[in-house]
Amino acid sequence: MQSSDFFNTAKIYHLNAEEINFLIHYSEKLCLDPLRALVNRQIFEKIIEAYKKDITTITINKELINSLKKKLNFTSFLANTIYSTKDIQKDQKAKFYLDRFQFAPLQLQDNQKNYLLWKALLHRNVNLLKENISGEIIFEERYLIAYKFTTTITEIYKYGDEIFVKTPHSDNIIVLAKRKYPRVEVDLEGFVRKSGKLRDNPFYKCRICNISEGGAKICIQNAPFKENEKLILRFKLAFEDIDTESIVEAEITYDGMESYGLKFVGMDEYSRHVIRKFVTSQINKNAQL
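Every letter in the sequence shown is one number past the one before it in our numbering, and letter 130, counting from 1, is 117.
No lab work stands behind these hints, which were simulated from the structure alone. Note that this is a predicted model, so its numbers are computed, not measured. Treat each hint with caution, since some may be false.
[Said to hold, decoys possible] When the alpha-carbon atoms are kept at most 25 Å apart in a straight line, the in silico PhoX-like pairs for lysine-lysine are as follows: (1) 181 to 217; (2) 49 to 80; (3) 106 to 145; (4) 49 to 181; (5) 49 to 39.
Use the sequences and the hints to build the structure in full.
This is how it looks when you write it as structure tokens:
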């Protein structure tokens, strides 16, 4: 008999009877809990492999597999590696960093043979963009790879209230980070402390600046944290309480106030499911803008 948690979660994902029976059947064949297949991509892929190798499978039901992947948010977030600014796609969003603490958001309007034309998005720092100013442009490809390159604004165009920025092409693109999971920007209140006894390690208030099911970036002032240190992070996301252990992977120095890149460790599957569903909904929402 399957647990009510499985059926309740399957209902959240709008799975039909055929999809539910499929997951139950192959989970039992592999001696796995079908609930894990709903929230763990690796378990789901094991079930698909078992299905493909099953001698009773005459033809692969691709529609069934694709439907499950879409409903469970297991569709691919593959990112192409970019080696030149000539490969940046139109509408790509980015940030022009004038220094460590100040940036202005941009969106690519046109990628010509000899230059890039960016539209400056609404922000308090837009008026700081001037001709002949040098800085770094940072952008993300498919929420998985973060890039940066150094450039100089060659021309500024103003049309009414809109400002456009022209920059030359560059082949000197640096990969800032490669991520296993897509990450989106957020602005959430959180609490973080060093792992260990609470009386010796009080909580600090922080802002969670971006998040994925694999980790997060926290922004915090005067925090006594260092790389490879284990932390406890608490926050609320989509009306759910998240409480997880994390490891400090890096101190981020290019983005203003003190920031730390955290990797989640020991997170329960339901919390991962909550984060994955939130991230996917944000990506889909951004795609419609």
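Going down the list of hints, with the structure as the test:
At roughly 6 Å between alpha-carbon atoms, residue 181 and residue 217 fall within 25 Å of each other, so this suggested pair holds. For the given pair, residue 49 sits about 34 Å from residue 80 by alpha-carbon distance, which is inconsistent with the 25 Å threshold. For the suggested pair residue 106 and residue 145, the alpha carbons sit about 10 Å apart, so the restraint of at most 25 Å is met. Proposed proximity of residue 49 and residue 181 is contradicted: the alpha carbons are some 47 Å apart, above 25 Å.
A hinted pair counts as satisfied when its Cα atoms are at most 25 Å apart, and residue 49 with residue 39 qualifies at roughly 10 Å.
Checked against the numbered hints given earlier, this structure breaks hints 2, 4; the rest are met.
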